[in-house]
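Asker: Below are the chains, spelled out letter by letter.
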Amino acid sequence: MKENYLAKWLNNELSEAELAAFKETAEYASYQRIIEASARMEGPAYDPAAAYNDLKAKLTDRNSENKKAGKVIQMRPLRKLMAIAAAIVLMIAVSFWFVNSQDETVSTLYAQSTTHTLPDASEIILNAGSEITYSKKKWNKERVVSLEGEAFFKVAKGEKFSVDTDLGEVWVLGTQFNVEQRGDYFEVTCYEGLVRVNFARVEKELPAGSSFLAINGKVIPVEGPNADVPSWLNQESSFKSIPLKYVLEEFERQFDIEVETRGVDLNQLFTGTFSNTNKELALQSISSPSRLTYDLDGENVIFYAEETP
Amino acid sequence: MNIENHDNVCQEEVFSFLFNAHSKAIFRSIFYKYGNEEKAYDVVQEAFVKLWEHCTKVTPEKAKSYVYTIANNNYLNVLKAEKVRMKYNNSGLEKDRTQESPEYLLEEKEFQQKLDNALNNLPENQRQTFLMNRVEGKKYAEIADLEGVSVKAIEKRMHLALKTLRETIDGI
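Going down the list, the protein sequences come from chains A and B. Counting with the working numbering, you get residues 1 to 309 for the letters of the first sequence. Counting with the working numbering, you get residues 1 to 172 for the letters of the second sequence.
Just so you know, the hints here were simulated from the structure itself, not pulled from any lab data.
If you want a taste of the chain A side facing chain B, the calculated C-beta under 7 Å gives, among others: (1) Leu6; (2) Ala7; (3) Ser30; (4) Tyr31; (5) Met41; (6) Gly43; (7) Pro48; (8) Ala51; (9) Tyr52; (10) Lys58; (11) Leu59; (12) Asn300.
These numbers come from a predicted model, not from an experiment. No residue lacks a Cβ here, since even glycine has one placed at the ideal position from N, Cα and C.
Hey, can you work out the whole structure from these sequences and the hints?
Answerer: Right, here's the structure in full:
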């Protein structure tokens with residue numbers, strides 16, 4: 001019988017012949033009974049109006065905590081606000097020290113990038129789907145940034161500056177460089193100055209205009225960059241002999257889209273560039289050199305190897 | 001109201017419209033997946049708080065999947081291991097009382113119990129899809145949209161859900 005025929009049956013999508021054949025089967029009666037019994041079930045009670053009031057009460061509480069101007073939903077009478085205000089004064093006093101010692105976190109969602117300035121005026125530009133964490137309080141003593149994802153760094157002159165990732169560490173003195181660590185992919189490119197990479201307990205110095213790449217724990221020799229800044233700063237993603245898997249993952253991050261593949265060799269190497277702003281163009285840039293076809297359907301795209309129909 | 005004219009959800013009318021339009025479906029859908037009414041309610045509330053706090057960054061069209069994704073993620077973070085023990089309301093059975101024999105009612109009740117157990121043992125995605133379609137009357141395309149997968153993937157979940165339910169109930 002045809003694929004997912006039970007789903008099609010419920011949706012009245014079976015042809016008459018298919019339906020007749022399905023009714024002949026021994027299981028039909030059981031299926032029919034399950035459907036009848038489930039029709040009597042009801043979901044849990046839910047009253048949107050009451051839920052909305054709950055939410056408003058929550059928002060009012062939050063709002064009086066962080067005093068965000070312009071986002072106020074005033075609900076409570078003044079008398080209550082006074083009591084809250086008194087509590088806040090106390091809370092602020094207590095939390096001042098606490099907040100100060102908290103780590104700072106900056107993150108980007110898919111299809112987003114952002115620029116963040118560190119306390120010493122060093123600049124970090126975060127690519128899509130990335131996160132950095134650092135301690136504001138300890139910044140003057142040690143300049144350490146933890147990174148998940150990809151970011152470009154413009155480091156102000158000063159003491160040692162290091163970037164921690166799950167796979168390796170990067171140290172620098174006043175310079176510009178890009179670090180990308182995603183899953184088992186780790187790439188560092190130095191654009192200015194000198195950086196030192198620590199990967200699997202081996203240290204390597206990267207002068208300006210060179211790159212370091214390791215995939216799956218293996219160091220892979222690569223050419224240096226052929227531009228002054230990473231391509232993603234110019235709304236493009238560039239790859240040189242990189243397994244297709246990582247290229248498709250980057251595509252997912254840049255466009256916040258789900259990629260599926262059918263019969264595609266994900267280890268084949270990809271060399272090329274795709275646009276981070278034009279989805280159609282990007283799809284063509286990926287599919288034609290890899291000899292793939294694709295099917296774009298809203299938030300999903302499916303890549304097929306060209307031989308398969 | 002026409003919410004398409006807004007490029008964010010910071011106006012209260014827009015926000016409350018979206019809440020009324022989507023919160024129930026998101027709540028039920030999270031409940032069907034994880035089986036705890038109270039926690040499902042809380043994560044949906046928290047997710048709408050997030051939406052309000054980040055109202056400048058979200059368009060009305062994206063709001064539903066934004067809230068659903070956050071609620072779903074929060075739920076996963078809170079309790080990955082909690083066992084599903086759902087109570088379903090089976091009010092229909094009671095209403096039929098007058099016309100049916102006690103034997104029939106007992107048998108139906110037993111069957112309903114078997115179905116409840118089988119539902120509790122389904123993988124969460126399949127249970128969610130099955131109940132959203134059967135109880136909430138959502139179309140495959142709507143569920144696919146909420147879950148961020150293809151309609152075909154939802155059809156597959158539905159097919160497997162029904163197949164597994166039957167196999168469990170028939171004792172295969």
